[in-house]
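Enquirer: Protein chains in written order, with my numbering: chain A, 101 to 214; chain B, 16 to 128.
Mixed in with the good hints, there may be bad ones.
Below 25 Å or equal to it, Euclidean Cα-Cα: the simulated SDA-like pairs (lysine to any residue) are [claimed, not checked]:
no., chain 1, residue 1, chain 2, residue 2
1, B, Lys55, A, Asp117
2, B, Lys56, A, Ser118
3, B, Lys34, B, Glu59
4, B, Lys24, A, His140
5, B, Lys56, A, Ile211
6, B, Lys22, A, Gln138
7, B, Lys56, A, Val188
8, B, Lys97, B, Ala54
9, A, Lys149, B, Asn45
10, B, Lys55, A, Ser126
11, B, Lys85, B, Tyr66
12, B, Lys56, A, Ser105
Hints listed in this document are in silico derivations from the structure and should not be mistaken for laboratory results.
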Amino acid sequence: TQTVSQSDAHVTVFEGDSVELRCNYSYGGSIYLSWYIQHHGRGLQFLLKYYSGNPVVQGVNGFEAEFSKSDSSFHLRKASVHWSDSAVYFCAVSGGSALGRLHFGAGTQLIVIP
Amino acid sequence: DPKIIQKPKYLVAVTGSEKILICEQYLGHNAMYWYRQSAKKPLEFMFSYSYQKLMDNQTASSRFQPQSSKKNHLDLQITALKPDDSATYFCASSQDSGRYTLYFGAGTRLSVL
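Excised from the complex, chain B in its bound form (with noise of 0.2 Å):
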């Protein structure tokens, strides 16, 4: 079974709408991150929480804002969808905000049409 969740699998919406993407992992970890792949660029880094408190943020735009709930969920909501936001996002998490090494779900495909 996955212990890490993320929903939905497939996401597609039209440029200037909301979506909200969601994480949930059961491994106990008290990190957890964000990444997107896109087809443009390498996978790269977005958010990270550590005990829901969010540590480091390298994404520019404030259209991204990370929601944690609970210590196991961290949700990614996306504001005023653009075409450029289409990418895979996956979540990740870790024990701890350190050399830990990261187990990740198997990402949201969202397309901005």
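Chain A with its partners taken away, still in its complex shape (with noise of 0.2 Å):
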């Protein structure tokens, strides 16, 4: 079975901070690990994506994530925020056979304060 798990539902920072948000998965086999961003009333975008290769990913928008097999996460992360980037982030696994079976955490909801 595989779980993601998302432990702040909430992050505020100010503009011009940097921010991590947690992912820490649970899945056997090889996986393909994403972040996607949701503005409110609006569909999920894509930002960013692993599945081998440099652990460290970069995204659009300046987001980078670093994948971590030891510690069964994938966190994302920001040098320096903007205002227009308060959203809910996801992060989702999927894995095996069904690929295009994403599985999604419950959500970050970032808060940023001009």
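Assembling the complex is the task here: the two chains are given apart, and the hints tell you how they should meet.
Expert: As structure tokens, this is what we get:
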């Protein structure tokens, strides 16, 4: 069974701060990890993904994430946030033969204070 | 312009009725999906289609029936609606049913009274 845990339901920072959104997963086989962003009232938009290779992956708008097999984690980071980064961020995992079936975490709402 | 169109954006239905949620994608993708997001559960996978064929079904109830009349269409028919069906239903697509990025529509928000 695949599970995704996003431990922080809400994170509040000031504009210009750095931020890390945490994601831990549970899955026994090879996996595919990704992050999506959802602005209020809109669909999810892809940020970045990891399957293999360099554990640090770069995404859009200055986001990056680091895969750690030992910690079963795929945390999302940004060095300097902008107020427009305020949104809900979802971590997702898929694996095995059902790679199109993403299991999402509960999401972390990021609030950036201008 | 949105490349994945979902209609309607909002839908109100009475218990026991039937509704069809429309999804069309203009990305040239071969795989399409339905996901559901409710207040009680995280975003959850429902169905996946590849080349108009059902690949994966995680919906226990037969009240939910996807319909694919064309490669770029994947509608969702819901019968005998219940208040617990109230949720936002997202259609998504990807180039193929592998390790590809999913692109999501804006969703249809369904409220069952």
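Enquirer: Confirm or reject each hint.
Expert: Verification of the supplied hints:
A distance of roughly 32 Å separates the Cα atoms of Lys55(B) and Asp117(A); the hinted pair therefore is violated under the 25 Å criterion. About 29 Å separates the Cα atoms of Lys56(B) and Ser118(A), which puts this hinted pair outside 25 Å; it is violated. Between Lys34(B) and Glu59(B) the CA atoms are separated by roughly 20 Å; this keeps the pair inside 25 Å, and the hint holds. With a C-alpha separation of about 14 Å, the suggested pair Lys24(B) and His140(A) falls inside the 25 Å cut-off, and the hint holds.
Between Lys56(B) and Ile211(A), the direct Cα distance comes to roughly 22 Å. Compliance with the 25 Å bound is thereby established for this hinted pair. Under the criterion of a C-alpha separation no larger than 25 Å, the hint pairing Lys22(B) with Gln138(A) is consistent with the structure, at around 19 Å. Proposed proximity of Lys56(B) and Val188(A) is supported: the alpha carbons are some 15 Å apart, at most 25 Å. Straight-line distance between C-alpha atoms of Lys97(B) and Ala54(B) comes to about 15 Å, which keeps the hinted pair within the 25 Å bound.
Annotation: proposed proximity of Lys149(A) to Asn45(B) holds, straight-line Cα distance about 20 Å (limit 25 Å). Of the pairs offered as hints, the one joining Lys55(B) and Ser126(A) holds, with about 21 Å between alpha carbons and a cut-off of 25 Å not exceeded. With a C-alpha separation of about 9 Å, the suggested pair Lys85(B) and Tyr66(B) falls inside the 25 Å cut-off, and the hint holds. Between the alpha carbons of Lys56(B) and Ser105(A) the distance comes to roughly 13 Å, so the proposed pair stays at or under 25 Å and holds.
The structure is inconsistent with the numbered hints 1, 2, although it conforms to all the rest.
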